[in-house]
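*Asks:* Here are the chains, one letter per residue:
Protein chains: 2
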Amino acid sequence: MPTRRQLANALRVLSMDAIEKAQSGHPGAPLGMADMAEALWRHGLKHNPANPGWVDRDRFVLSNGHASMLLYALLHLTGYDLPLSALEDFRQLGSKTPGHPEYGVTPGVDCTTGPLGQGIATAVGMALAERMLAQEFNREGHNIIDHRTYCFVGDGCLMEGVSQEACSLAGTWKLGRLIVFYDANGISIDGSVDAWFSEDTALRFRALGWQVIGPIDGHKTEELDAAIASARETVDKPSLIICRTHIGFGSAKVDSASSHGAPLGSETVAKARVALGWEEAPFVVPEEIRAAWDARALGYAAEEEWMRRFADYEAAYPKLAKEFLRRTKGQLPNNSEAIFAELCTSQAKETNPLATRKASKRALDFLVPHFPEMVGGSADLTGSVGTMASSQKPLDPTTYEGRYLYYGVREFGMSCIMNGLALHGGFLPYAGTFLSFFDQAKNAVRIGAMMGVHAVWVFTHDSIGVGEDGPTHQPIEQIASLRMIPGLDVWRPCDSFETAVAWQAALTRMGPTALVLSRQSVPQSTRTAETMDMVRRGGYILRETGGTPELILLATGSEVGLASAAFDELAAQGIAVRLVSLPSSQVFERESQEWRESVLPHSVRARLAIEAGSTDFWYRYVGLDGAVLGMTGFGLSGKATAVAEHFGFTVKHVVDLAREVLSRAPRSPK
Amino acid sequence: MPTRRQLANALRVLSMDAIEKAQSGHPGAPLGMADMAEALWRHGLKHNPANPGWVDRDRFVLSNGHASMLLYALLHLTGYDLPLSALEDFRQLGSKTPGHPEYGVTPGVDCTTGPLGQGIATAVGMALAERMLAQEFNREGHNIIDHRTYCFVGDGCLMEGVSQEACSLAGTWKLGRLIVFYDANGISIDGSVDAWFSEDTALRFRALGWQVIGPIDGHKTEELDAAIASARETVDKPSLIICRTHIGFGSAKVDSASSHGAPLGSETVAKARVALGWEEAPFVVPEEIRAAWDARALGYAAEEEWMRRFADYEAAYPKLAKEFLRRTKGQLPNNSEAIFAELCTSQAKETNPLATRKASKRALDFLVPHFPEMVGGSADLTGSVGTMASSQKPLDPTTYEGRYLYYGVREFGMSCIMNGLALHGGFLPYAGTFLSFFDQAKNAVRIGAMMGVHAVWVFTHDSIGVGEDGPTHQPIEQIASLRMIPGLDVWRPCDSFETAVAWQAALTRMGPTALVLSRQSVPQSTRTAETMDMVRRGGYILRETGGTPELILLATGSEVGLASAAFDELAAQGIAVRLVSLPSSQVFERESQEWRESVLPHSVRARLAIEAGSTDFWYRYVGLDGAVLGMTGFGLSGKATAVAEHFGFTVKHVVDLAREVLSRAPRSPK
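Chains as they are written, first to last, in this note's numbering: chain P, 122 to 791; chain U, 122 to 791.
Incorrect hints may have been included.
Copies of the same chain are indistinguishable here, so a pair counts whether it falls within one copy or spans any two.
DSBU-like mimics (lysine-lysine), calculated; alpha carbons at most 30 angstroms apart, straight line [said to hold, decoys possible]:
1) 167 / 443
2) 450 / 167
3) 142 / 760
4) 142 / 450
5) 392 / 760
6) 142 / 479
7) 479 / 443
8) 440 / 392
9) 392 / 295
No lab work stands behind these hints: they were computed from the structure.
So here's chain P without its partners, still in its complex pose:
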C-alpha cells in the first residue's frame, strides 16, 4: 500500500509534468497543497466521479484557481471523465484542462475560478444553498440534502476584499458546513507576503464568527486529519483550517515566488522527482497508486445509497420529491407559461406613470409565490430597489427559513454568493443594488456570465434620473458596460409591460440576466396585441407614422417616453417617423436578420438614438450618419427634471437633433 505522501506526490508529479509539457502554468501551489488535497479527497469527501452532477455531493471550490493542475490531477486520479490525454493537453486550445478551472468545461469542476477571492465567496453561496435546500426538503428521518462545501484558498484570496465581504456573511449565517483550507505558504507573486499581508488572519476570522483551526502543518497528515474532523464536528460556525505549507514543496524552488507562476524547468523537475522518491517517467502513475486514488467504487456506492434513501423519501413524500427534482434540475413549474401570461396581462393594464423599479417590485410580488426557487436580496437597498416580494421573509440563520437575503453593503460578495446559489442548484437567485454600484460587482457578474448561471441582477436608479444624489450615484457608462459582458442578457424596459416581459425573459432563460430599471416614473406605452408580442424580440417598432420611414428614433427605458413625445411632434411636422424600442440589444441581435432589417432597414440612415447613458454604444445602431443623445460626461446633483433638462433630455432638443440628422443624412444611399 502506498503511503499517503506517495499518493500526494502523484498529484505533485502530474502537476509538474503537465505544466512542464505545456511550458505554462503555476506549479508552486499544487506542490504545496497536495497533502491537503490528499487528506480531503481521500478521506471523507463525498462525491461520485461517474456523476459530477449528483445533487448531494460535497462541493469543492479551488479558490486559488491557478492551482488548476492540482484539481485536474485529483479529478483524473479519482476517476472522473478526464483521461491522461487531457492532462497532457493542459492549457491547450480546446482541451478539458484550461489554464484556470472552468465550470462546464471539465467534469467535476464546480466553479470557475482564477480571479482571487471569488471562489471562496462563491463557496459561501453554495454552503448557504445546501442549508436552505435541506431546510426546505429534508424531513424527519430523510436527510436527502446533507453535504458540505470545501474550499481551498491562498493568501491572495484573503487579501481581496470580496473574501472579507462573503466570509463576514458566512459567519453571520452560521454556515457550519463550509470548511475552508487556507494554504498559508507566505508567498505571493511579489515574494514573501509579510510586507503586504501582515494581518493576523486567525484573529480576523475569529472576529467574523468563524472557528479557526491551526495553524497546523499542512504537510502532516495526522494534523490535517484532526483539523478536518474538528471542522466537520462544528455545526454552527464555518471553519478556517490554517495550513502552513511550503510553496513548491519537494522542488528546489520550495518557499520561493519563482515556483509560483512559471514551469519549474526540466532540471528542477528531474531533481524534484528524486527528492520525492518518484521513479516513473512523465505522466506515468504506478498502478497501486492509481488504485488507491480511484474513488469510483466508493462514489458509486455513496450515490447508490443516497438513491435508495431518495426512493424512500419519494415513497413517503411523493409531491415533495417531485418538486425537489424539478428544483434541482432547474426546471420551471409546469404552469409557468400561464403565470407569465397573467403577469404580462396584468402589467399591461397599468396606465399611470410608474417607475420601472416599482413595476419590477409588482412583478416580484406576483411571481415569487409561484417560484419558490427564487431567493431575493439586496446590498442594503431593499426598499429602493424593490427586491423584497411581499410574501418573502428574511433568512433566519438558525433555521434557514426565509428566502430573502440582506447582504449588507457588499455588492461584490453578494454577486459571488448569487453565483454560488445558482451553481449549487435548487435556487434561482436575484438581488439588487443601484446601477452605479454594479461597478463593484462587475467581475462576479462577468464570471457568472462565463459560467452561464441562472441568476438575475436587478440594477435600479439607472441614469441621471437619480437626481439629487449626484454623479457618484448616476450611472453613465454602466449600461453599455453591462451590455458588453458576453453571455449576459440586459433588459432596460420602458414601462410596466416591458418590465413584466423582462422578468419573464430572465426567469425562462437558463442563463444570467441584468434588469436595468428607472428610479423615476415613466409613462406607460400604448400597446396593441402585436407590439406586445414583439417585446420578446428585444427590439421592435413601438410606433410609426406609416410608409418607409424617413427617420428612426431608437430609445430604451426612461427615454422611450421622451422619444414618444418627440415622435408626436415630428409626426405633426409631417415627417415619416418610426420609434423603435430596444429593451434588450442582446435578444434583438439573436433575432433573424430579417427581423432586424424589418425594424431597422439598412437604407434608412437618419437615425437618432436616445439613452441617458454613454453614447458610445449606440453608434452600432445609428452609424456615421446618425446621432446619439446620451451622456458624454458625468452627471450632476440636482432635481432629476432639472438635470435631465440640463443635459438636453427635452422634447424640443430631441426634435431639433432629429431634424438636424434628417437634414444631413443621406437618403437611401443604395
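On the provided structure of chain P, position chain U as indicated by the hints.
*Replies:* What follows is chain U alone, placed relative to chain P:
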C-alpha cells in the same frame, strides 16, 4: 459661551433645514455624528478656511458621504467660502452643495465620496503621502509636513471589501497619523445591522494591526476628547475610534432606518428643534454659536506660523524648498520636455518585436529617476506588469523611504490609495495589474476620473493574447469599458514608440490616464518624423498607399501589426488602402474636426476596425457599412497564437473581411 452640545446642534439643525428645504438627503448620519464632528473640528483639527489648499493642513474624508450636509455645515460655520445661500441650495443643480461631497466643487472637500468604503481607502493613501512627503522633505528642526488624516466611516464603509483591503495595508504601513472615527450607530438602510454585520469590528481591526479605541459614547464630549488624544499619541498604528451613536439623534426618528435617507418631515424637524432646545428659524444660527465655530482666525494663524517655518526652511534648504513647491503644486520639472524627447527618441530606435508592457517598463526605468514624484506599485504582479523601475526601492514602513508599493492582491484598494496619494499632493501615483482585474478596481478609477486626479493605471495582458491563462484572465469588454469612463484618457499603444508617447501624455496631462499594454511581443512600426509627431493626436494615418483611400483599416495596440501585414497584402492587390492607428480615441476626439476628417474622411465608408476586444465600441468609427474584427464572446485557454487564429486574428481573415467590406460598402455616398 454656548455648550458643546449647542455647537453640535448647530450642525444638526443646519443639516435638517437644508435637507428639508431640498426635500432630499440623508439626515440620520449628520444628526448622529454632530458631536464627533464638534469634538474633532473644534479641537485640534489643523486647517485654514481661507486656504483649503494649504499643503500642511489635516485632511478630512467623510467616507460615509451621504452625510454631506454635516460636512457642508462644518465648512460653512468654520468659515470656508460656502455661504448660507449654498446650504439653502443643497442638492440643487449648479450649487456648491451637491448630494454627496465632490472634490473640486466645494472648497474644503478633500475627496469625493458616496460609494461606501472608498473614502477610508482613499484616506489611507493620503496618510501614506503625508509620511512619505515628510520623509523626503522634512529636515532636523524643520517639520514642514506634519499633519494628520481624519476620516469618518459608517457601518456600510466597513462592510465593503475595499475598506478591508486598504485598512489591512494601513496597518502594515503603520500609518499612525490616520485616525478613523467609526460611526457605530448599528443602523443601515435595511435596518438594524445585526442581521448582516455581526462581526466583531474591534477584534477585526486589532487583527489588522490597528489601535482600537472604544467603543465610546459618541455623544459624550469627554469620551471623544480622550479618544482623540489617545489616537494622536499613537504614532505607529492607525487608530479606529469606535463611537456608539444614535442615528437621527435628537429627532423622533432616532435609532431608526427611517431617518437615514429621506427628509424627516417638517413636523419631526419642528419637534427635534424643541428637543434640541433650538429656538431659531430655519437656517438661522445665533451669533455666539457662529463665533464659537469660526475657525478663520485660528486657521489663518496656523498657516501663518507654518509659512514662517517654511521661510526658515527655505533659507536653510533653498533647493529642497523649491523642489517641495514644485512637487506640491503638481508641476513637472522644468526639463521635462527634454526628458520626454529623449525617451521618445530612444524608444523609436527599437526595431525588434517587444511587448508593450516591456516597452513601458523601459520607459519607467528611464523616467522614474527624473520624476521623484512618481510612486509605483502593483497588485502583486510586479514582474508581469513591469511597474517597478530599476531605480525603485520598496516602501519601508519604518522610515517611509522607498517609492514602490506592494499593494498585495488588492486592485480596488490599490486604486483608492492611488487616488489618495494624488489628492494629497506631492506624488504622482501609478500602478499596475492585469487588464482583466481592472474590473475589481473599476469604481475607484471612475471616482478618480471624476476628481480629475493625476494618476496612471497600467493595465497589461490586455487581450486574448494572454493565452494559456484563459478566459478569466483575458479581457474582452474591459478596454471599451475603460474608454467610456468620462474624463479618463486611455492609451493602447502599438509599439515601443507609441508606448513612450503614451507615458509622456500620461505624465503631462493633469488628469487620469490608463495605459493598456500587451503581454505578447508586437512588431515595431516604421515611422517618419511626421507620423511620430502625429501619435500625440491620438489617431493618425500610420500607412497609406496614396490617393483617396477605398478602404480604411483601423487598429490599436497588438492588432496594428496584424493590420499592417494585411495592409501589405491589400496594397499588393491594388487596393487604395489606409491604415489608421488609434492609440487613444479620447485624445483623437479632442482634436479638431479637420484633423479627424483628414484621418477618417466621412465619405469613405469601407472601414474595418481590428481590436482583440469587444466589437461594440468600434461601430462609432466604422458605422453601418463597415465591419469590426473583435471579440463577441469570451476567450479560450490555449497558446496565444492558437487562440488568436481561432478567433480570426490572421492576415488572411483580415484581408477577406476587408474585401467583403469593400464589396458591399457604398463608395462616396455624397
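*Asks:* Against each hint, give a clear statement of whether it holds in the structure.
*Replies:* These are the hints, each one checked on the structure:
1. Taking the shortest alpha-carbon separations for residue 167 and residue 443, only the intra-copy value of 24 angstroms comes in at or below 30 angstroms, while the best inter-copy value is 69 angstroms.
2. For the homomeric pair residue 450 and residue 167, the shortest alpha-carbon distance inside one copy (20 angstroms) is at most 30 angstroms, but the shortest distance between copies (63 angstroms) is not.
3. In this assembly of identical chains, the alpha carbons of residue 142 and residue 760 lie at most 30 angstroms apart only when taken from different copies (12 angstroms versus 62 angstroms within one copy).
4. For the identical chains of this complex, residue 142 and residue 450 are neighbours neither inside a copy (39 angstroms) nor across copies (54 angstroms), given an alpha-carbon limit of 30 angstroms.
5. Taking identical chains as interchangeable, the C-alpha atoms of residue 392 and residue 760 lie at most 30 angstroms apart only when they sit on different chains, with a minimum of 27 angstroms there against 71 angstroms within one chain.
6. Only between protomers do residue 142 and residue 479 lie at most 30 angstroms apart by alpha-carbon distance; the minimum there is 26 angstroms, versus 57 angstroms within a single protomer.
7. Taking CA atoms no more than 30 angstroms apart as the test, residue 479 paired with residue 443 passes in neither setting, with 34 angstroms inside one copy and 59 angstroms between copies.
8. In this homomeric assembly, residue 440 and residue 392 never come within 30 angstroms of each other (Cα to Cα): the closest approach is 61 angstroms inside a single copy and 57 angstroms across copies.
9. Proximity of residue 392 and residue 295 under a CA criterion of 30 angstroms is satisfied in neither setting, with 46 angstroms inside one chain copy and 42 angstroms between copies.
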